[in-house]
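Trainee: Read off the chains here:
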Amino acid sequence: MSKFAKKKKGLPAVNTAALPDIVFMLLFFFMVTTTMRETDLKIQAPKLPNATEVKKLEHKSLVSTIYVGKAKEEDRAKLGTGDKIQLNDKISTVNDIANFIYSEQEKHNPEEIPYMTTSIKSDIECGVGTIHDIRIELRDINALKISYSTRKGDLKANIK
Amino acid sequence: MARRENSEINAGSMADIAFLLLIFFLVTTTMDVDSGISRKLSEKPPENMPPPPVIKEKNIFEVNINRNDELLVEDEVMKIEDIKQATIDFLDNGGGMGKVTETAPASRCDYCNGEKSESSSDHPNKAVISVQSDRGTSYGMYITVQNELLSAYTELRNRYAKTQIKGKYAGMSYVELVALAANSKDEENERLKQVITEIKEAYPQIISDAEPTK
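Residue numbers (this note's numbering), protein chains in the order written: chain R, 1 to 160; chain S, 1 to 214.
Hints are computed from structural coordinates only; laboratory data are not their basis. Don't be surprised by glycine CBs; every beta carbon is placed ideally from N, CA and C. Be aware that one or more of the hints could be misleading.
[What the hints assert, rightly or not] Here are the simulated DMTMM-like cross-link-like pairs (lysine to aspartate or glutamate), alpha carbons at most 20 angstroms apart as the crow flies:
#1 152(R) - 81(S)
#2 70(R) - 96(R)
#3 145(R) - 34(S)
#4 47(R) - 69(S)
#5 214(S) - 154(R)
#6 55(R) - 69(S)
#7 44(S) - 58(R)
#8 145(R) - 43(S)
#9 55(R) - 176(S)
#10 44(S) - 133(R)
#11 55(R) - 34(S)
#12 84(S) - 155(S)
#13 156(R) - 211(S)
#14 40(S) - 112(R)
#15 200(S) - 112(R)
#16 56(R) - 211(S)
#17 193(S) - 137(R)
#18 40(S) - 73(R)
#19 152(R) - 155(S)
#20 145(R) - 211(S)
#21 40(S) - 154(R)
#22 47(R) - 209(S)
#23 214(S) - 112(R)
#24 145(R) - 209(S)
#25 40(S) - 125(R)
#26 56(S) - 81(S)
#27 214(S) - 58(R)
#28 84(S) - 154(R)
#29 156(R) - 43(S)
#30 60(R) - 34(S)
#31 214(S) - 89(R)
#32 40(S) - 83(R)
[Unchecked claim] Covered stretches of chain R (chain S as the covering partner; in silico rule of three or more C-beta atoms under 8 angstroms from a C-beta of chain S):
#33 13-21
#34 70-78
#35 95-103
#36 108-114
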């Protein structure tokens, strides 16, 4: 018995030499699979509609995003309750869209411009009128590729 | 000064550093892939453009959405669940001669399964869907309708692909072919692209958005 008792000297420390490797592996995984968050939302985060016939947007650098939604609760007194459009980091009007698209186009080579897409991220409660105004504005400056940003999911959630 | 023995660098805090980086990336990045319903807008008509050719009433499928998100399809009140089938019936009718294309003269739609009714569309390549909404229509409703219309096209294209395409890609649906084209190498792509173009031309998507009513 004494032979066994002798060995009991408390638990040895767990070897953590491989821990950095594991964490680095996780780190690289996240670095590869995720993308940087681009803009801070100045409007209330739009609740995107659900759809089933969705297409993935490729070439993220060629996508310019227009957010449409209601103003945040705390800004409602100042900005009103109508539909608001956010370009880059500030709330803008429909008339600013042309300049916004031009400045996005300037960042790319001329041959890439026909492939540039405008993604409209709009809240489901916005009016189609606002969307139409944006469409007219985009059509006037020949930015014809658009994408209505949606989630994949059940259509019933779109209608109250 | 005596040189110290070459002892190992203490790597105990390496894990902490890596964790720090990991958490930084977790916070600053997002994982969502942007996806959506893509559309190509029509070009702005030039000012001195001649008036567009008149399209026969029977070749237009009129969808109205009012400001209370109610649906009127071809002058009949309709539920959102039924619009897909109504669209398929309209597109697939094949009641008359089609449009003259670059490759083929005007012909009957020999792949259509519809009723061949006189009062509905002549040919899928002549059939136009016109969506008339109101400025107050909710965006959610609008997208739902667009989605149903697109899914009608997809269903017809799937059927065409399964029944009409022969050879290497026989028996595959349109959706599968498109997915295959996205993942395949260049040398295979030529034939695949031809097939996809053929399917698209069989049921071309002609959806127009009329200016919303005020």
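Trainee: Evaluate each hint against the coordinates.
Mentor: Hint-by-hint comparison with the structure:
1. Among the hinted pairs, residue 152(R) with residue 81(S) is consistent with the structure: their alpha-carbon atoms are about 18 angstroms apart, no more than 20 angstroms.
2. Pair hint residue 70(R) plus residue 96(R) holds up; C-alpha atoms about 18 angstroms apart against a cutoff of 20 angstroms.
3. Taken as a hint, the residue 145(R) and residue 34(S) pair is honoured in the structure, with Cα atoms around 15 angstroms apart against an allowance of 20 angstroms.
4. Only pairs whose Cα atoms come within 20 angstroms are accepted, and residue 47(R) paired with residue 69(S) is accepted, the gap being roughly 18 angstroms.
5. Restraint check: the Cα-Cα separation between residue 214(S) and residue 154(R) comes to about 30 angstroms, which exceeds 20 angstroms; the hinted pair is violated.
6. Only pairs whose Cα atoms come within 20 angstroms are accepted, and residue 55(R) paired with residue 69(S) is rejected, the gap being roughly 25 angstroms.
7. Taking the CA atoms of residue 44(S) and residue 58(R), the gap is near 26 angstroms; set against the 20 angstroms cutoff, the hint is violated.
8. Proposed proximity of residue 145(R) and residue 43(S) is supported: the alpha carbons are some 11 angstroms apart, at most 20 angstroms.
9. For the suggested pair residue 55(R) and residue 176(S), the alpha carbons sit about 13 angstroms apart, so the restraint of at most 20 angstroms is met.
10. Restraint check: the Cα-Cα separation between residue 44(S) and residue 133(R) comes to about 14 angstroms, which is no more than 20 angstroms; the hinted pair holds.
11. Proximity of residue 55(R) to residue 34(S) is assessed by CA-CA distance (about 9 angstroms); at most 20 angstroms being required, the pair is judged to hold.
12. Simply put, residue 84(S) and residue 155(S) have alpha-carbon atoms about 10 angstroms apart, close enough for the 20 angstroms limit, and the pair holds.
13. Our distance criterion of 20 angstroms between C-alpha atoms is broken by residue 156(R) and residue 211(S), whose separation comes to about 26 angstroms.
14. Annotation: proposed proximity of residue 40(S) to residue 112(R) holds, straight-line Cα distance about 16 angstroms (limit 20 angstroms).
15. For the hint pairing residue 200(S) with residue 112(R), the CA-to-CA distance comes to about 25 angstroms; that exceeds 20 angstroms, so the pair is violated.
16. Distance restraint check for residue 56(R) and residue 211(S): the Cα-Cα separation of roughly 28 angstroms exceeds the 20 angstroms cut-off, and the hinted pair is therefore not satisfied.
17. Between the alpha carbons of residue 193(S) and residue 137(R) the distance comes to roughly 33 angstroms, so the proposed pair goes past 20 angstroms and is violated.
18. Pair hint residue 40(S) plus residue 73(R) does not hold up; C-alpha atoms about 34 angstroms apart against a cutoff of 20 angstroms.
19. The suggested pairing of residue 152(R) with residue 155(S) holds, with an alpha-carbon distance near 18 angstroms, which does not exceed 20 angstroms.
20. Proposed proximity of residue 145(R) and residue 211(S) is supported: the alpha carbons are some 18 angstroms apart, at most 20 angstroms.
21. Under the criterion of a C-alpha separation no larger than 20 angstroms, the hint pairing residue 40(S) with residue 154(R) is inconsistent with the structure, at around 25 angstroms.
22. About 23 angstroms separates the Cα atoms of residue 47(R) and residue 209(S), which puts this hinted pair outside 20 angstroms; it is violated.
23. At roughly 37 angstroms between alpha-carbon atoms, residue 214(S) and residue 112(R) are farther apart than 20 angstroms, so this suggested pair is violated.
24. In summary, the hint linking residue 145(R) to residue 209(S) is supported, as the alpha carbons are separated by about 15 angstroms, within the 20 angstroms threshold.
25. Taking the CA atoms of residue 40(S) and residue 125(R), the gap is about 23 angstroms. The hint is violated against a cut of 20 angstroms.
26. Only pairs whose Cα atoms come within 20 angstroms are accepted, and residue 56(S) paired with residue 81(S) is rejected, the gap being roughly 27 angstroms.
27. For a cut-off of 20 angstroms, the pair hint linking residue 214(S) to residue 58(R) is broken: about 36 angstroms separates their Cα positions.
28. The suggested pairing of residue 84(S) with residue 154(R) holds, with an alpha-carbon distance near 15 angstroms, which does not exceed 20 angstroms.
29. Restraint check for residue 156(R) and residue 43(S): not satisfied, since their Cα atoms lie roughly 33 angstroms apart, outside the 20 angstroms limit.
30. Only pairs whose Cα atoms come within 20 angstroms are accepted, and residue 60(R) paired with residue 34(S) is accepted, the gap being roughly 8 angstroms.
31. Our distance criterion of 20 angstroms between C-alpha atoms is broken by residue 214(S) and residue 89(R), whose separation comes to about 30 angstroms.
32. Distance restraint check for residue 40(S) and residue 83(R): the Cα-Cα separation of roughly 24 angstroms exceeds the 20 angstroms cut-off, and the hinted pair is therefore not satisfied.
33. For the segment 13-21 of chain R, the stated coverage by chain S holds: 4 residues have a C-beta nearer than 8 angstroms to a C-beta of that chain, and at least 3 were required.
34. Three residues within the 8 angstroms Cβ limit are the bar, and the segment 70-78 of chain R against chain S gives 0, so the coverage statement is violated.
35. With 0 residues having a beta carbon nearer than 8 angstroms to a beta carbon of chain S, the segment 95-103 of chain R misses the requirement of three or more and the stated coverage is violated.
36. With 0 residues having a Cβ less than 8 angstroms from any Cβ of chain S, the segment 108-114 of chain R misses the three-residue criterion, and the hint is violated.
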